[in-house]
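Asker: Chains as they are written, first to last, in our numbering: chain D, 1 to 187; chain C, 188 to 360; chain Z, 361 to 764.
If you are wondering where the hints come from, they were derived from the structure by calculation, not from laboratory data.
C-beta: ideal position from N, C-alpha, C; glycine also.
Honestly, I wouldn't trust all of these hints.
[As the list claims (entries may be wrong)] Selected chain Z positions facing chain D (in silico; Cβ < 8 Å):
no. : residue
1   : His416
2   : Ile422
3   : Phe500
4   : Glu507
5   : Gly742
6   : Leu745
7   : Gly760
[What the hints assert, rightly or not] Sample of chain D residues at the chain Z side, in silico, Cβ under 7 Å:
no. : residue
8   : Ala62
9   : Met94
10  : Thr126
11  : Ser128
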Amino acid sequence: MAEEEKKRSKLEISQSPAGLEGPGFFATSLEKAVGLARKNSIWPLPFATSCCGIEFMATAAATYDLGRFGSERLSFSPRQADLLMVMGTISKKMGPVLKHVYEQMAEPRWVLSMGACASSGGIFDTYSVLQGIDRVIPVDVYIPGCPPRPEQVIDGLLQIQRLVETESFRRRDSQEYKDLMNKYGIE
Amino acid sequence: MTTEENIKSLHDTVLAKLKENFSDAIVSSDVEYDFPVFILKREHIYDILKFLKEDAELNFHFLTSMCGLHYPDQKGKEFGVMYQLHNMPKNFRIRIKTFLPGNDLHIPTVTSLWATANWMERQEFDFFGIIFKGHPNLKRILNLDNATFHPMRKEFPLEDGTREDKNDSMFGR
Amino acid sequence: MSETTENINHPVAEEKEYTTLNLGPTHPATHGIFQNVLKLDGEKVMHAESTLGYIHRAFEKIAEHRPYNQITPLTDRLNYCSSPLNNMGWHMTVEKLIKVKLPKRVEYMRVIVMELSRIADHIICNSIIGVDTGALTPYFYVFEWREFIYEIFEEMCGARLTTNIGRVGGFERNWNEKVWQKLDHFAKEFHKCLTEFENLLKRNRIFMDRTIGVGPIAGDRALEYGFTGPNLRAAGVDYDVRVMNPYSSYEDFDFIIPLGTNGDTYDRFMVREQEMWESYSIIKQAMGKIDRKENLFHAEVPEFYLPPKEDVYNKMEALIYHFKIVMGETDVPVGEVYHSIEAGNGELGFYLISDGGRQPYRLHFRRPCFIYYQAYPEMIKGGMLSDAILTMSSMNVIAGELDA
Numbered sequence: 001m002a003e004e005e006k007k008r009s010k011l012e013i014s015q016s017p018a019g020l021e022g023p024g025f026f027a028t029s030l031e032k033a034v035g036l037a038r039k040n041s042i043w044p045l046p047f048a049t050s051c052c053g054i055e056f057m058a059t060a061a062a063t064y065d066l067g068r069f070g071s072e073r074l075s076f077s078p079r080q081a082d083l084l085m086v087m088g089t090i091s092k093k094m095g096p097v098l099k100h101v102y103e104q105m106a107e108p109r110w111v112l113s114m115g116a117c118a119s120s121g122g123i124f125d126t127y128s129v130l131q132g133i134d135r136v137i138p139v140d141v142y143i144p145g146c147p148p149r150p151e152q153v154i155d156g157l158l159q160i161q162r163l164v165e166t167e168s169f170r171r172r173d174s175q176e177y178k179d180l181m182n183k184y185g186i187e
Numbered sequence: 188m189t190t191e192e193n194i195k196s197l198h199d200t201v202l203a204k205l206k207e208n209f210s211d212a213i214v215s216s217d218v219e220y221d222f223p224v225f226i227l228k229r230e231h232i233y234d235i236l237k238f239l240k241e242d243a244e245l246n247f248h249f250l251t252s253m254c255g256l257h258y259p260d261q262k263g264k265e266f267g268v269m270y271q272l273h274n275m276p277k278n279f280r281i282r283i284k285t286f287l288p289g290n291d292l293h294i295p296t297v298t299s300l301w302a303t304a305n306w307m308e309r310q311e312f313d314f315f316g317i318i319f320k321g322h323p324n325l326k327r328i329l330n331l332d333n334a335t336f337h338p339m340r341k342e343f344p345l346e347d348g349t350r351e352d353k354n355d356s357m358f359g360r
Numbered sequence: 361m362s363e364t365t366e367n368i369n370h371p372v373a374e375e376k377e378y379t380t381l382n383l384g385p386t387h388p389a390t391h392g393i394f395q396n397v398l399k400l401d402g403e404k405v406m407h408a409e410s411t412l413g414y415i416h417r418a419f420e421k422i423a424e425h426r427p428y429n430q431i432t433p434l435t436d437r438l439n440y441c442s443s444p445l446n447n448m449g450w451h452m453t454v455e456k457l458i459k460v461k462l463p464k465r466v467e468y469m470r471v472i473v474m475e476l477s478r479i480a481d482h483i484i485c486n487s488i489i490g491v492d493t494g495a496l497t498p499y500f501y502v503f504e505w506r507e508f509i510y511e512i513f514e515e516m517c518g519a520r521l522t523t524n525i526g527r528v529g530g531f532e533r534n535w536n537e538k539v540w541q542k543l544d545h546f547a548k549e550f551h552k553c554l555t556e557f558e559n560l561l562k563r564n565r566i567f568m569d570r571t572i573g574v575g576p577i578a579g580d581r582a583l584e585y586g587f588t589g590p591n592l593r594a595a596g597v598d599y600d601v602r603v604m605n606p607y608s609s610y611e612d613f614d615f616i617i618p619l620g621t622n623g624d625t626y627d628r629f630m631v632r633e634q635e636m637w638e639s640y641s642i643i644k645q646a647m648g649k650i651d652r653k654e655n656l657f658h659a660e661v662p663e664f665y666l667p668p669k670e671d672v673y674n675k676m677e678a679l680i681y682h683f684k685i686v687m688g689e690t691d692v693p694v695g696e697v698y699h700s701i702e703a704g705n706g707e708l709g710f711y712l713i714s715d716g717g718r719q720p721y722r723l724h725f726r727r728p729c730f731i732y733y734q735a736y737p738e739m740i741k742g743g744m745l746s747d748a749i750l751t752m753s754s755m756n757v758i759a760g761e762l763d764a
């Protein structure tokens, strides 16, 4: 019965990480357990500025349903967000604001750059547009497209999930990471 | 329906009215596609717009749009301002242009006639550096407050100067 | 001594101190990049100042450096909720400049595309008003149909949101069987969803209490501020470009202009709602007027409309035209032209000055959002902070159009 139920339902329960299992106990490394938990409950902060924001609305709406990936809880407060989703053109006037938002986020934090404008300035190679947000903050995943389709956004989110799942606890304390932050002038 | 004769007759009516009241302010007038266009001297621009708005017959009560122009090759009238007026009940639309010399970019504001001119004038100030005399809050609107340039002037480059990844030979230049 | 106690008990009337609140530029409730510095007395908005330019992308400057056909993708990104409307407006501007007359079939096809995107635009605005009053459900219902409209656009041109649909002189290809199937489905089914959506909000006590009398503007004041489109009609002024200066054969269609009376949030909502019904009816009328089998989708203007690729390879004339268009050697008349269409938010105008070159000498966009958003401080003055949010979403201010 349970097997049949499982077959019919499209829901998938995430697999537990490799570990030692016995009657009444299960042992695995903490890193893996935390990675699993974090991966499936990413709270994104939608930093939507323009067209890509509308496509993100479509992604969050019923047809594509971001909730399937545990990210339906949009956190509009940067202090509670795990993932900064930058969607749309960031102008030079907006750059400092974006950096400020990023600085307010607590570690560990990830950044997703959605669309050509956020990734590289896109078709707006002009005096007023920031030529890619990686000039002010570090980016983990770029999604190409102008605007990307919702499927691409979901793919980008899955890439982030992979990063979140496999990230080592020590990464954020490493010298390499500190150097990266210093490069952007972020303490 | 606005047909060609209607536009022509509107042009003639407005021109006659302007000639009657501001005979020395008219530089030229024409019909461009479906718009009567009047090029006027800037000294009288405020009075003329006020007259056009308040005249009982014409009553151009709606400022549709307004923009700045830049013709670097026209000596003595490098910059221009274009106004488009609309009388909705009668469906009269006209365009008014005026030109300014590059070394004296002053033009009276029309914010007291149309509240909507406020941001339009700020935008043209931002883009071209045209100074609208008497504007209540003339500061930059789209660009950063401390910007030193007026981007819509023809000599200002479009592309962002900080890019290093562009190889000019790939763009054929 | 007595003086101090008196002061404590009856403080001297002094100038009130207001709280300054920085609403934006990334405030979640503003749906976009708008900054308003508010002065609050408790929850009452006493003064507001808008700052804009946070996504200024220099459309007008780029337009001076691009050939005519490359400006279409720019117009997509003006009001990105209804890109096809902007595309069509731009094509018509160029057609007016080069004096091209389109066949009726193409004009009706355009009408269908434009009205579909008007519905898509109003769906966003109205469902967001719902979200801001705390009703998230209608958004999910009605967004499914926006998704369906995306699918129709995808069949027509390959893109969902930033469509770049059509060319100067017509469409880039004829509509296939699937487009017609989808349109038929839309014509048959959409009214159910819209009725349902209306039932959820229209006579909903909470929704009415939140929206009636919120953010009102009188008709004459709205005209002063240059309002156009649904926001002006909500204030009781029956100005619609489709009727006043018909383009693309709108005079062949039978529709009404819905009007409000108070110009408040509820009226704006209802005007948009009614406009969706009118657009729905226009689409159905236009579908009835088109011969689906006919293979006519652009005007005969070989100097401006790119020939099909197989002709370019096999026919000398087509190759010449292809070369001329791509290299920008076609003569464009010198002149200046203004064309306006009724876009989702009002009169979207294109003021184009051509000096005969392959790029416009100057292109000015009359962006309805930019023009009517300046009335916002006046509209929210004296109201509650939460009403200010609602007023903004009911005005449907789109950041891309606002900042250009």
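Asker: Starting from the hint list further up, note which numbers the structure goes against and sort them upward.
Answerer: 5, 6
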